[in-house]
Each structure stands twice: as C-alpha cells, then as structure tokens.
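Trainee: These are the residues of each chain, in order.
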Amino acid sequence: MAIPFPFSAIVGQDEMKLAIQIVAVDPKVGGVLALGDRGTGKSTAVRALADLLPPIHVVKGCAYGCDPQSQLANCPDCSRLKAGSKIATESKPVPVIDLPLGATEDRVVGALDLEQALSQGIKAFSPGLLAQANRGFLYIDEVNLLEDHLVDLLIDVAASGENVVEREGLSIRHPARFVLVGSGNPEEGELRPQLLDRFGLSVEVRTPQDLDQRVLVIKRRDAFERDPQAFRDSCAADNEALRKHIVKARKGLEKVHTGDDLLRTCAQLCQKLGTDGLRAELTLMRASRAYAALQGKKSVTTEHLRHIAPLALRHRLRRNPLDDTGSGTRVQRALEEVLGA
Amino acid sequence: MNLAWDDALWAAAALSIDPCGLRGVWLRAPHGPVRDEWLAQLTRLHPALRRVPGHADSERLLGGLDLGATLHAGRAIYQPGVLTQPDPTLLLLPMAERLPDDTAAILGQVLDQGQVPAGRQQTAQDTFIGLVALDESLEDEPPMAGGLQERLGIWLDLRHMGRAGGEDDNTRWMLDTLPSMDLSALRAHALHLDMEDAVVQAVCQTAHTLGVDSLRACLATVKLAKLLAALRGSDQVQEEDLGRAARLVLTPRATRAPVPPDQQAAPPEAEAQNDSPPDQPPPSDPPEQPPADPPPEPPGFDPQDMAELMLEAALATLPADVLALLADHKTAAPAGRGQGRSGNRKPSFLRGTPLPPRPGNPRQGARLHVLATLNAAVPRQKLRRLPSHSRAKLAIRTEDFHVHRYAEHSPTCLIFAIDASGSAALHRLAEAKGAVELLLTQSYARRDQVCVIGFRGTQAEVLLPPTKSLVRAKRSLSGLPGGGGTPLACAIEQCLQVALAEKRLGHSPSLVMLSDGRPNVSLQGQGGRAQALEDALTLARVWRGHQLPAIWLDTSARPEPQAQQLAQAMGAHYVPLPMANSNRMAQAVQAVQSGNTPPATATARAAWQPNAPSAQTPVWRNPGA
Chain A
1 MAIPFPFSAI VGQDEMKLAI QIVAVDPKVG GVLALGDRGT GKSTAVRALA DLLPPIHVVK
61 GCAYGCDPQS QLANCPDCSR LKAGSKIATE SKPVPVIDLP LGATEDRVVG ALDLEQALSQ
121 GIKAFSPGLL AQANRGFLYI DEVNLLEDHL VDLLIDVAAS GENVVEREGL SIRHPARFVL
181 VGSGNPEEGE LRPQLLDRFG LSVEVRTPQD LDQRVLVIKR RDAFERDPQA FRDSCAADNE
241 ALRKHIVKAR KGLEKVHTGD DLLRTCAQLC QKLGTDGLRA ELTLMRASRA YAALQGKKSV
301 TTEHLRHIAP LALRHRLRRN PLDDTGSGTR VQRALEEVLG A
Chain B
1 MNLAWDDALW AAAALSIDPC GLRGVWLRAP HGPVRDEWLA QLTRLHPALR RVPGHADSER
61 LLGGLDLGAT LHAGRAIYQP GVLTQPDPTL LLLPMAERLP DDTAAILGQV LDQGQVPAGR
121 QQTAQDTFIG LVALDESLED EPPMAGGLQE RLGIWLDLRH MGRAGGEDDN TRWMLDTLPS
181 MDLSALRAHA LHLDMEDAVV QAVCQTAHTL GVDSLRACLA TVKLAKLLAA LRGSDQVQEE
241 DLGRAARLVL TPRATRAPVP PDQQAAPPEA EAQNDSPPDQ PPPSDPPEQP PADPPPEPPG
301 FDPQDMAELM LEAALATLPA DVLALLADHK TAAPAGRGQG RSGNRKPSFL RGTPLPPRPG
361 NPRQGARLHV LATLNAAVPR QKLRRLPSHS RAKLAIRTED FHVHRYAEHS PTCLIFAIDA
421 SGSAALHRLA EAKGAVELLL TQSYARRDQV CVIGFRGTQA EVLLPPTKSL VRAKRSLSGL
481 PGGGGTPLAC AIEQCLQVAL AEKRLGHSPS LVMLSDGRPN VSLQGQGGRA QALEDALTLA
541 RVWRGHQLPA IWLDTSARPE PQAQQLAQAM GAHYVPLPMA NSNRMAQAVQ AVQSGNTPPA
601 TATARAAWQP NAPSAQTPVW RNPGA
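Quick mapping for you: the protein sequence lines, in order, are chains A and B.
When we follow this note's numbering, the leftmost residue of the first sequence carries the number 1, and every step to the right adds one.
When we follow this note's numbering, the leftmost residue of the second sequence carries the number 1, and every step to the right adds one.
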C-alpha cells in the first residue's frame, strides 16, 4: 500500500488544516470546499486524513462500514447480520474515498452486481463509492467540473445521509453519511449554489509565496519520497499528538457551552449578509463550537466566531456573479458591524 | 548544436529511468519526423513502452470483469487494468488532447496516488507508471485536460523544431552508455543524491521569478535535476542539471517574464548575503565537463547566484516572441487552461437522461443493461444447451446483450460579437456592455458558456475564449475600448471560427451580434465602404450556410437598412433597438435562444416607427407573451 504524506508534515495552509480538523471533530458541520490553483497541496491534505484520524469500529462483513453501537439496522447487510447471532466487529481506517470526475452514475450509487447476475442469475447489489464513503470522507477533485447529473445525486445524498437506489430492478437503501470534501479552481467554472450550500466550510488555498516555506515543502516532500516509511515514522509523534488532540476535542464537544447571546450574534451576522435558509447559522454555530473544543475551551466566545465566520459564510452569500468583490471582505465587513456595535 | 533537442533527449533518458517519479511528459508535437525520432530514442531506452489507446474505458484502464471469458467459463474472471504496472513503466497516450474527461480524471488520480484505486472486486494496488502524453492540438484548439497537464512533470514542445539530430557529445555518450546500465540502481542513486538547501532555494526562486505557482512543478524540477546528475554519473547536482531541469519543467509553465536584472531591486541580494557566509567564493562557472569525472565542487552554492544562473539557463531555449508575450501578460500560461474534450458527445452511452435499452455490444464505453439482457435471454433458455462443465445457470449469448442509452444535452455557448468601432462607440457601446452583462447573468443561471469577441479598427479579437467564468467575461468586457473603423467581415469570420470550433466540441453555439451594421473596413483591413459591405455580405452568407443561430441587435440610433440586409444574409433575427435599453436587448436574445422568434409585432413596429420610440416601451413586457 502506498503511504500517504503525513498530515502534520504539511507546511502552511493553516486555514485548510483548521477546516479539516473542525469537520473531523464534528462531521455535522458539513463538508469542506477548498478553492485554489492546482499544485497547492489540497489533495495531499485530504489524502493525509485517513492516516491522521483514529480508526473506526465497524460491523465485520458489512459493506457499508456501519457502527456496531448503532441500534438502527438501516443497512441491508446489518439487518441480515444483526438478525443472526452476535455480530463481529473490526476496526479499520476512516475511509477517504476519491470520486473521480468522470465516474459513472452506477459507480457512485452502486449497481447490480454484474458478476453474480451473469454467472448465477442472482440479483444482488454491488455497493458504489457512496457506500464506501459511509462514515468517512468523500473527496472530489475539481468539483466545479463535475457533471450535472452527479451533482444532483450528491446534493440529495449529502443532505439526507442515505442513498436510495431504485434502478435496474433493485430497491435498496443504505446509510451514506460522509463529509464532502471538494477542491477546485473557481477560474474554470462555478459551482451550483445548491451544492455550495452542502459544504459547511470553504477555504481559499494559495501557494505559499514565501520562499522559505516553499523550500520547506520541497525538502519535506523530497525526504518523504526517499523513504516514505522513515519519514512517516519521524512525523509519527506529531501525528499522534494531533490525533489525541482531535479525539479530546470530540469528547469535549458535548460540554462546550454556547450562550444565547452568541447565537443571537450568529443570527444577526447571517441576517446582515442575507444568507438563504438557516443552514448558515447552524453551520456557523457548530463550527465555532468545534473550534472552541479544539482550543480546549468550555464555551464559545466571539473570538471563535470571528475566526470561523469567514470560513462558514463566505460561500453562502447570495452573490451577483458579476461582482468582483471578494466575499471574504463582505463577511469581514459584516463582522465589524455586528461585533463592533 | 541544438540545445532543445539535447534537452529532449535527456528528458527521454530521465523518463526511462524513473517514469513514476516524474509522472511523465506532456509532449506537444505534430505527427512528424521529429516526434518519431524522439519516440524511437525513448523506445530504445525504455523498451517496455506501452501504448494505451485514448478510447480505452475505465474497465480496461483500472481492471475489471472480463465479460467474454466470464460468460464462457460461467464464473467471474477478472483482468488487470493497463494502469496496474508493478514495475516502472511508461505508458504512451496518443491523441491526448482528445482524451475524454473521465479518462483524464482517472489518470490524474492514479498518478497522484501511485496506486490503482480499489474497485468493486479488488483492493487498491500499487502501480509505477509515467505517461507519455502525445498532444497534437493546434494553436486554436483546446490542449490536453488541465488537470493532467499539471501532473505530468516534463513539458516538451517540439512543435517548432525543424529537425531532429545535432546532439552534442555528452548527450551521445549518455545515450550510448545508458542501455548497458542498471536502471534501478541508477534510480536509487538519483533518489538518494543529497541536495543542498541552496539548490532547493534556487529552484523555488526561479519558479517564483517565472510565475510558476504550482509546487508540483518545483518538485518535478528537483527530481529531474537529480536524475540528470545521476545520468551524468555524478554525485552532485550541478548548475548544468538545474538549468536543463528548469528548461524542461519550469520554462514551459512560465506565466510571466522575469524582470531584467538591472531593474531587479537590491534587497534580495542583501538578504542572500545575510543567508550565506560572506567568505564563500562564488561558484566558478564550470565549462562543459566530460561526463565521466565531474570536477570537485566549490564548498557551497550561493542561492542567489545559482538562481540567476538557473534562470538564464531556463530562458535559453525560449523564443524571444514568447518572452515578449509573457512580458505583456498577453497570455496566461502559454499552454492555456484547456479542458480537453472528446468529440461530439450528444448521443451518449454513458450519461445523461436514460433512454430505453437497445441491443448492442457492451464495448467502447457502452454499458451492459443487465436486466434487459437477462430478459432477452430467458425465453431462449430451453433452446440453448449449457455445456455440462459449466456452472452457469443461464445461457447467455452475445445476441442477448442490451446496452444503456442516454440522451445527453449539449451545453450551449453564447458568442457575443461587440462592435466597438467609432460609430457604435459614440452612442451605444456602454449600453451594449450593459446588455451583455444582463445576458451574462442569465447565462449564469443557465450554466451556458459565453465567449466575447470585440471588433474595431482593422481586426476582430477574441477577448474571452468560451468559458463559464462570468467574472472573467465581465472583466474582458470592461476592458474593451471604443473607436476606429468597423471591420464587420473580420468579425463574422472570427465568430464563425469560434462557433465551428464549439460545434466540433459538441456544443451548440449561437451568436449575438451587437452592431450598427455600417462596415467600412474590408476583410483585408482596407478602408472603403463598398468593398467592406461586400465582404461582410459574403461572410454573412457563409454563416448562413452553416445554419447556426444568430440574432442581430441593431445598435444604431434608428433602424439601419444595411444592418437589416446583413442580418437577412446571415439568417439572423434582426432586432432594431432604437433607444432600447439593456433590458430589452436581453429579453430579445432570450426569446431567440428559447426557440421562439422574437416578437414580430415589436420588431415590425420598431422598424416602421423609427421616429416614435416613446410609443413603445415594452421594457416590462415579456416578448414571448
């Protein structure tokens, strides 16, 4: 197996790393959208995730990687397995699944198992990428170039957390709760607002312009390619520390207090910016809470909010496609007005 | 002496040692002796070169069920994909510019991860491939998919090379000795070469100076330099290697010309001085060394000096005109941010709205419709005898196969031709810009592509090639100056070129011409109204011959008979817009696009009552209603 580049060895990209940590702490925040030029290390950061996060416990033999603790037997495999004797469990790394641009619809949702259908005449379901990504991350590179029909699929599944297959004579529903991670270059095409809305946080990734940082990137990558295992071992302590940090934040998340006046500020901010629906407020609140938990704090403060608001809101502004003003600036301005008052 | 050809050969040698480290080469060259010679050299150095046809589907690339064998044997038989190569292998990808998006995406993913992703039946497998992508696209055609361009380390452009050959002695020595050497040992040697910090710094500095932001490019440069050093049999990366690596990786990606040294600000020098001990001697400029014994290196490099030397080397093969273009910021990357498209994809076997299945062979991207196939097979079971050794329960023959069919809607592309000549600019340019902006907002809602062509003076210019990025469209529009003659014939010709190119890509182009229809510059760029009108009319008829939809928005103060005549010749809907505002223009275009004819009454009225514009103010009236 190819060894992924260690997460803790990624240079710079603080915003991207923060966003990923936040969704790792609280997957309910939604996905992460990383916008920026090619070759800025977006993919590297995402692919390092599997190695960073603690492994998950799954029902052994379940193609959907269900949680053994979960009482809901809403997946076809588990309802079969749980009906029988005691279920076996195993632990496996958090799935980080790549959804390539040209993927066919049935590769994504799953389809009739061709092998069984042809050789034995059995109608069986062969799970697709959405099933593999359950409880993990679904990564789409160049998400803005994704075909419309795949976007439609994702929009539905990402909201409901369930994949319903009604095709080729199959009728299957299975859980598909995943964190959507997209990356792309906005110069090459726009994203549908509906899909934008499914991403909880958005970050802008730029190549580090600082020479020393770039040199450091090259050197680390060079060291990694010489001996991946040794390099990984050298970063193991940092990765482990980061992992513990995230696990701790997950545990602490429940206890983080969110005051009413803070929620009020959230609402004011979203009102000011004219975001559609209530998802903006919810995401902002959840992300700020996860950020507070990451900082080891017991309650969310306006400082947390100030830090998170651009990430959570800048892609939700109802935007005039011809307006050049960066949406980040608009969020900043609204922040000044709401918090300054 | 042919430096570019030398570079190309060294690139081939480096690729043959470490295909997966460099990820491959994007080779832009027409089919011809130069490319053939280069490929012949590559094949000699790397006999395992494998050809992958562009129409290979994902099943063949990534591996999957072997349908024929499975049916025959009555049990699942899998075949490994072409991309799964346990040993370092170069894959030759012809016609890379026509590569379908999905194939390009798969290739990019495999190159990035160094493994073939887990399929339904198999686990992820490590693979060690590099691609030799042959791109034959012409200047005005979209090159290979941008995502794939980015990932391939070396960019080689042999389009302007007259002839192959003329390599120097070092190169010939390398080519002669390489086949007898142990490639894997050489690869390991290159991998473990030590690089001083100064070298990495010089690479980053050069990349920055040339406006190459991607870190993948820097990585590839470093890697290539190490391979080149190893090829020379040296233990040290020298300026020679760095220069060559920069020429092969960084220079083709350059997005800006370096500032001439005399204009360069002093501070970087000072910083560099602080970084390195002052007592270091500057590296003596080593002349071409016999490859076998490298000279002892100076104890250290000065990053600044090195970056300068490297930059100089990097620019050695760059034609002066390219440099000038870069300096003017005329072109973003010379390669463009191409999408890469396969041909007309309207009838699709792969995606779109499903249609009923039909009998057919599940090949060339068509997918088997299992249910329909089984349905077709079931009634014939009694007639067919299964061989006794078969474990299959169903006898399926190839004639039972049904395939999926889909109808794919083709994206539309709206071409705006904007008359920015003196006569038009006087009254209407601002208004026309306003109308186009409104239309852009509408196309945004429909996810259309837009293209903006402006014409004035003696020529028409594509201000914005077809794109979905409306911010860019707006930017190009606001930068459009007014004044000069009306080269209408050139404009129609240019529009036609763009429209036909779009049509080849499977899009449906339509034209919105905003002009007052008073051409006064002929196709040759000469003045004279009569000739200009004749040329314009000729080209208008050519346009009509292609049966492409168009709408003519007459921007003159009162309806112009000449514009009407031109519109008729083009087969365009003529909409005179005396005192019109942006809103009305937008409505008219929308009506044409949605297939309705523009409001005949409004058109007629406008034509007949040129002097009573205030009588009709259908600003809020929907023309289709």
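Among the hints, erroneous ones may be present.
Unchecked claim - Using C-beta positions, here's what the derived DEER-type ranges look like: (1) Arg333/A with Gly162/B: 55 to 61 Å; (2) Asp235/B with Ala230/A: 51 to 57 Å; (3) Ile3/A with Leu3/B: 21 to 27 Å.
To be verified - Rough simulated footprint, nothing fancy, chain A against chain B, three-plus residues with beta-carbon under 8 Å: (4) 92-99; (5) 367-378.
I should point out that these hints are in silico values taken from the structure, not numbers from a laboratory.
All values reported here derive from a predicted model rather than from experimental measurement.
Note that the Cβ used here is the ideal one computed from N, Cα and C, for glycine as well.
Trainee: Work down the list of hints and note, for each, if the structure agrees.
Mentor: Here is what the structure says about each hint:
no., hint, result
1, Arg333/A with Gly162/B: 55 to 61 Å, "58 Å, holds"
2, Asp235/B with Ala230/A: 51 to 57 Å, "21 Å, violated"
3, Ile3/A with Leu3/B: 21 to 27 Å, "39 Å, violated"
4, 92-99, "violated (count 0)"
5, 367-378, "holds (count 6)"
Against the hints set out earlier in the document, violations occur for numbers 2, 3, 4.
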